[in-house]
Amino acid sequence: MFALFEEAGKFQAGRILSEAESSAQIELDSGKRVKVKAANVLLKFEKPAPAELVAQGRAQAEEIELDLAWEFAPEDEFGFADLARVYFSDNATLVQQAGTLFRLFDAPHYFRRSGKGRFRKAPADILQQALVAIEKKKQLQLQIDAWASALAAGECPEPVREQLYKILFRPDKNAPEYKAVVDAARATQTAPLALLQNAGAIDSPYQFHWRRFLFDNFPRGTGFPALDAPQISDELPVAAVAAFSIDDSSTTEIDDALSVQGLGTGTVVLGIHIAAPGLAIAPGSPVDGVGRARLSTVYMPGYKLTMLPDAVVQHYTLQAGRDCPAVSLYATLDEATLEIRATETKLERVPIVANLRHDQLDALVTEDWLTQTSADDSPALQAVPKSHATLAFLHRLARHLKAAREVVRGKPENFNRPDYNFRLVGNGDAEPTGNETVQISTRQRGAPLDLIVAEAMILANSTWGQWLAEHGLPGIYRSQASLAPGVKVRMGTKALPHAGIGVKSYAWSTSPLRRYTDLVNQWQIIACARHGKTAALAAPFKPKDAELFSIISAFDAAYAAYNGYQAGIERFWTLKYLEQHGITELEATLFKDNLVRADTLPLVLPVLGAQGLPRGARLRVKLGEIDAITLDIHGTVLERLDVADAPEAGAEEDDDDTVAGPIAIAVDMALTAEDSEAAQPEKATP
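Residue numbers (the working numbering): 5 to 690.
Warning: the hint list may mix true and false statements.
[As the list claims (entries may be wrong)] For lysine-lysine, the following BS3-like pairs were computed, each having C-alpha atoms within a straight-line distance of at most 30 Å:
no., residue 1, residue 2
1, K140, K177
2, K548, K350
3, K14, K170
4, K390, K415
5, K41, K141
6, K537, K548
7, K39, K14
8, K498, K508
9, K41, K350
10, K415, K492
11, K406, K492
12, K140, K14
13, K14, K36
14, K48, K36
15, K350, K177
16, K36, K141
17, K498, K548
18, K170, K120
19, K140, K170
20, K170, K141
21, K406, K508
22, K41, K51
23, K120, K177
24, K492, K537
25, K170, K39
[As the list claims (entries may be wrong)] So the derived label-pair ranges between C-beta atoms look like this:
no., residue 1, residue 2, range
26, P78, Q147, 32 to 40 Å
27, A12, I130, 42 to 50 Å
28, R117, Q143, 22 to 30 Å
Calculated from the structure, these hints are not laboratory results. No experiment lies behind these values; they were computed from the predicted model shown. Glycine residues also receive a C-beta, built at the ideal position from the N, C-alpha and C atoms.
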């Protein structure tokens with residue numbers, strides 16, 4: 005005796021070995037023996053063989069018309085054998101009964117299951133809705149198949165093109181566009197990115213990186229809502245100084261300026277003046293909402309996305325020819341020893357006499373010029389009173405401050421490698437297209453004007469960080485416990501030492517137009533300046549304020565994403581530079597495993613043939629094929645350029661190289677040196 009039974013939604017048949025009142029032992033064709041509940045046994049038969057019955061029943065099921073079966077079915081609950089006798093005849097065969105069972109079971113939209121082998125037909129309206137949905141699904145599958153075929157043939161359907169970045173980086177796995185790409189990738193045995201690239205879905209490598217960045221970070225676009233810059237209501241005194249800023253020519257958000265008083269008197273007052281949007285922009289205001297959403301200006305070659313609308317920026321920027329609202333830190337120094345005797349913070353309007361541009365003045369303001377005792381003032385600096393004496397003093401002070409920090413730090417800061425400046429020819433201020441001619445120039449780190457600004461900003465950030473702590477106010481601090489390998493810079497609300505810079509505490513406060521953390525800290529500093537010891541009552545953020553931790557978390561994520569994009573897109577333009585100049589070989593220095601750093605370009609790449617060579621070995625490298633989508637390039641060592649037994653030239657460098665965050669699907673993206681915060685604490689590459 006054989007039996008057909010249902011187990012876990014599947015129909016099986018086999019020989020009955022034994023039966024009890026509630027169960028049966030059944031042996032399948034495979035030889036496996038199973039215990040089956042009596043209620044699950046739906047048919048018992050002598051012949052045909054179990055496998056034949058199942059096969060014949062499946063074939064019979066295909067011939068049953070569901071619409072007709074639904075019409076014939078009773079209104080009440082019924083068994084499959086009952087419907088078989090109605091549909092076929094009163095003497096429905098075993099195969100017909102099995103076929104009816106299979107057909108009913110596989111059509112839940114027509115017949116609802118009411119138990120083992122028992123069914124109830126679906127109401128007419130529900131059935132109609134189900135049939136419409138099934139037809140829609142069928143048509144959708146046909147569409148998916150058509151899209152997949154087109155992709156496999158090297159053509160990209162427009163709906164797939166429109167969903168490109170979502171498919172690749174944040175897919176909805178139920179979306180038909182995604183399913184089409186998956187089906188085509190499987191059929192062609194091609195990775196999805198390569199498949200879409202071959203199908204022409206990617207207009208250009210540059211647009212791919214740019215649109216991916218916008219998709220991840222600016223899904224609603226980069227435009228600003230219509231906003232007016234809030235007016236500063238404070239009656240601010242005008243400072244008796246002549247302040248000047250030092251920035252790159254492309255800088256529009258001028259946050260900081262310097263002034264010097266008392267040269268030649270023995271006591272000098274250094275003024276560090278920071279633009280003061282915090283005097284007008286209130287926490288929770290519409291402008292604050294925009295700043296908090298972006299958290300930082302995004303820099304890239306030839307373009308930038310500002311944190312605040314340009315009209316707002318221009319209202320508070322330290323523009324030459326205006327008395328600009330500022331939060332000023334005054335440090336009183338001994339002119340001979342450069343000892344800081346006192347500091348004072350003021351809220352005031354500061355006359356800005358000049359916006360100096362270091363890219364226009366680096367050739368003039370050199371260490372030789374600054375160390376001359378009787379150099380004349382330069383016409384290029386005529387707006388700055390006693391320009392040579394002022395800059396010479398600032399440079400001497402900067403070197404003194406740097407040396408003092410290095411004593412605390414425990415070792416000198418390393419500025420061996422240059423900074424690279426990118427310039428795109430042909431785009432003006434417009435968004436780049438990726439076809440511009442790229443120019444890459446070098447600028448040695450620690451140039452005099454850079455050093456002057458960097459040390460002044462470190463002084464302000466560390467002084468104000470301590471000042472907040474002394475007033476019992478939290479701020480947003482950057483700290484580093486030690487210079488030991490693996491100890492990273494962290495952000496928090498407590499004034500902790502920053503070993504990498506060599507200061508007791510460090511709170512970003514000098515770029516409130518470009519970084520949201522600085523604006524937050526400026527609000528706290530303003531509270532201290534206005535209220536002194538009672539500042540904790542008036543400050544917008546109190547100790548252990550959860551809002552501060554939320555800001556830190558959001559800023560960390562956004563800043564990492566922005567810096568990752570900047571590093572990646574600079575790598576793109578570096579690879580573009582290689583193509584535009586037909587560079588197939590270059591000189592490089594081995595610095596880690598099989599990685600080399602180009603000697604004259606901001607490029608790190610893996611090479612073959614470097615096994616066994618010491619760190620610091622100088623090599624001539626033949627470049628391989630460039631992949632502008634993955635930003636990948638490999639090389640092969642052609643020859644060693646230095647003496648084989650020479651000492652390891654790079655041994656004194658810090659291991660501060662980090663992998664830039666991937667812009668596309670890439671393995672070797674960009675290994676770039678992490679800029680020392682002391683070198684350029686404020687300025688990202690414009």
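Pair hint K170 and K120, alpha-carbon separation not exceeding 30 Å
Violated: K170 and K120 sit about 44 Å apart, past 30 Å.
Hinted pair K498 and K548, Cα distance within 30 Å:
With a Cα-Cα distance of about 10 Å, the restraint between K498 and K548 holds, given a limit of 30 Å.
Between R117 and Q143, does the C-beta distance stay in 22 to 30 Å?
holds (27 Å)
K170 and K39: Cα distance at most 30 Å?
Given pair K170, K39 is violated - Cα atoms ~49 Å apart, limit 30 Å.
Hinted pair, alpha-carbon criterion (30 Å max): K498, K508. Please report holds or violated.
holds (11 Å)
Hinted pair, alpha-carbon criterion (30 Å max): K537, K548. Please report holds or violated.
Status holds; Cα separation ~19 Å.
Can the restraint linking K39 and K14 be considered satisfied, given a maximum Cα separation of 30 Å?
Holds - the C-alpha atoms of K14 and K39 are around 15 Å apart, at most 30 Å.
Assess, step by step, whether the Cα of K140 is no farther than 30 Å from the Cα of K14, and give holds or violated.
holds (27 Å)
Hinted pair K120 and K177, Cα distance within 30 Å:
Answer violated: K120 to K177 is near 34 Å, above 30 Å.
Within 30 Å, alpha carbon to alpha carbon, are K415 and K492?
This hinted pair holds, its Cα atoms lying about 17 Å apart.
K48 and K36 were given as a pair; does the straight-line alpha-carbon distance stay at or below 30 Å?
holds (19 Å)
Given the hinted pair K36 and K141, is their alpha-carbon gap at most 30 Å?
violated (39 Å)
Consistency with the previously given hints fails for numbers 3, 4, 5, 9, 15, 16, 18, 23, 24, 25 and 27, ordered from lowest to highest.
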